[in-house]
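S.K.: Listed below, chain by chain, are the residues.
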Amino acid sequence: MVNTALQCTVGVVPVRVAAGTSEEKILADTFKAITRSNTSFLDHSASARRVLWWHHFLFRQPATVVLRAAERKPTQQFADLDSSARALTYDYGARVLIDASNNSLPDAATATKREDVLEVEPMQRELLEALPKLQTLHVALKSANLADVVWMCVGGNPADYESLATKWTRQPSDLEHVVALFVQNLIGRANDNVSSAVASNERLQGLYDMFRESSEVPSATLKEMKLVRPSPDKVLRAVKLRALAGSRGGGRRMLIPADAATALVLRTGISDTPSLEELKALAAAEKERNWQ
Amino acid sequence: METLSHVVSIVASLAAIAVPSAAALGLAPRVGPMRAIVLALSTRFRRARDVSQRAKEVHTLRSMLSTVQESQYVVVSGPKGVG
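Chains A and B supply the protein sequences, listed in that same order. In terms of my numbering, the first sequence is residues 19 to 310. In terms of my numbering, the second sequence is residues 36 to 118.
Because the hints were derived from the structure by calculation, they are not lab data. Some hints here could point you the wrong way.
With a straight-line cut-off of 27 Å between C-alpha atoms, the simulated DSSO-like cross-links for lysine-lysine are [what the hints assert, rightly or not]:
#1 A:91 - A:252
#2 A:241 - A:252
#3 B:91 - A:298
#4 A:151 - A:131
#5 A:43 - A:151
#6 A:305 - A:91
#7 A:131 - A:241
#8 A:50 - B:91
#9 A:298 - A:91
#10 A:305 - A:160
#11 B:115 - A:252
#12 A:305 - A:131
#13 A:298 - A:151
#14 B:115 - A:258
#15 A:185 - A:160
#16 B:91 - A:91
#17 B:115 - A:131
#18 A:185 - B:115
#19 A:151 - A:185
#20 B:115 - A:91
#21 A:244 - A:160
#22 A:258 - A:298
#23 A:185 - B:91
#24 A:131 - A:185
#25 A:43 - B:91
#26 A:305 - A:151
#27 A:305 - B:115
#28 A:131 - A:298
#29 B:115 - B:91
#30 A:160 - B:115
Residues of chain A placed beyond 12 Å of chain B at every Cβ, according to the derived structure [said to hold, decoys possible]:
#31 93
#32 113
#33 118
#34 160
#35 175
#36 177
#37 193
#38 198
#39 217
#40 228
A quick note: this is a predicted structure, and the numbers were derived from the prediction, not measured. No residue lacks a Cβ here, since even glycine has one placed at the ideal position from N, Cα and C.
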């Protein structure tokens with residue numbers, strides 16, 4: 019989405035930011051990208067500042083630095099995205115866009131009063147099914163009566179659908195088998211994430227049990243239960259209520275499952291290796307529940 | 036006069052070494068307007084390999100970028116793979 023928004027734009031400088039990277043390193047990498055220099059022993063800040071000034075002068079708009087945060091593993095710290103963005107905008111006059119997943123974005127980056135945040139939610143089913151790239155897969159899934167099962171486990175994540183399509187092209191004759199393995203893998207991973215979180219703090223189970231009855235739980239529940247979410251949290255994510263389709267009471271922070279497979283695991287306590295028949299029955303029950 | 040011509044010859048010989056050295060180190064053409072032009076044009080005509088179908092969000096992001104104030108920055112966040 020960021021690439022589409024920035025296509026045919028002058029002066030876009032993508033910078034990959036690994037987890038735990040310091041502000042100095044992020045700035046040094048950005049300056050190297052701006053000046054297109056590979057020398058590490060030189061300070062490129064003055065050159066970068068000059069290039070950015072000339073860019074602004076010649077094109078009447080600042081260059082856009084895109085800080086792409088890589089995924090953060092459990093033992094890794096957050097990268098200094100907020101202070102780097104501040105330095106690049108305030109001190110160097112660049113336009114900065116931070117592109118990060120929930121687990122890679124430090125809370126500080128959205129609490130500096132300098133940020134303008136666009137939260138991207140999973141796609142609606144209609145939009146996902148209209149993607150030209152995935153048409154063949156959707157037709158095949160529908161004709162094999164598997165579309166609801168895949169939607170229930172994958173949700174509105176086009177990258178997962180693309181991954182399934184790739185696996186299917188390797189084994190085109192056996193869609194059912196490919197789908198079964200794919201969704202079992204997702205459910206297994208979700209079960210692992212829940213187990214790891216509960217192993218780190220068994221009181222989290224009480225919080226997760228709330229998702230059997232509800233698809234969202236207020237963030238304030240953490241305070242009531244005196245709980246801290248693990249970091250990175252692979253089970254839940256926090257969203258503002260307005261981001262949830264059909265919800266009321268904008269502005270309240272809510273906790274929702276991190277993805278569709280986790281939602282399924284929390285709601286039903288499903289085992290790691292459910293059969294396709296079991297999943298089809300669950301999908302039919304879910305559909306019924308949503309209609310009511 | 037002789038001293039001046041001597042200085043000029045030293046400066047000239049230093050420049051003869053310094054300019055290619057600076058170019059080799061990647062300094063000379065990268066610090067001014069030429070680099071700014073190259074930087075700008077390198078992405079001016081580049082199209083995204085996979086065009087996102089999220090027309091509404093793409094439009095919102097473009098307008099956020101075009102109206103972002105000095106010293107402010109834009110954050111795009113969400114679960115992995117949904118863009």
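S.K.: Can you list which hints this structure breaks, lowest number first?
M.R.: 3, 4, 5, 6, 8, 9, 12, 16, 21, 22, 23, 24, 25, 28, 32, 33, 35, 36
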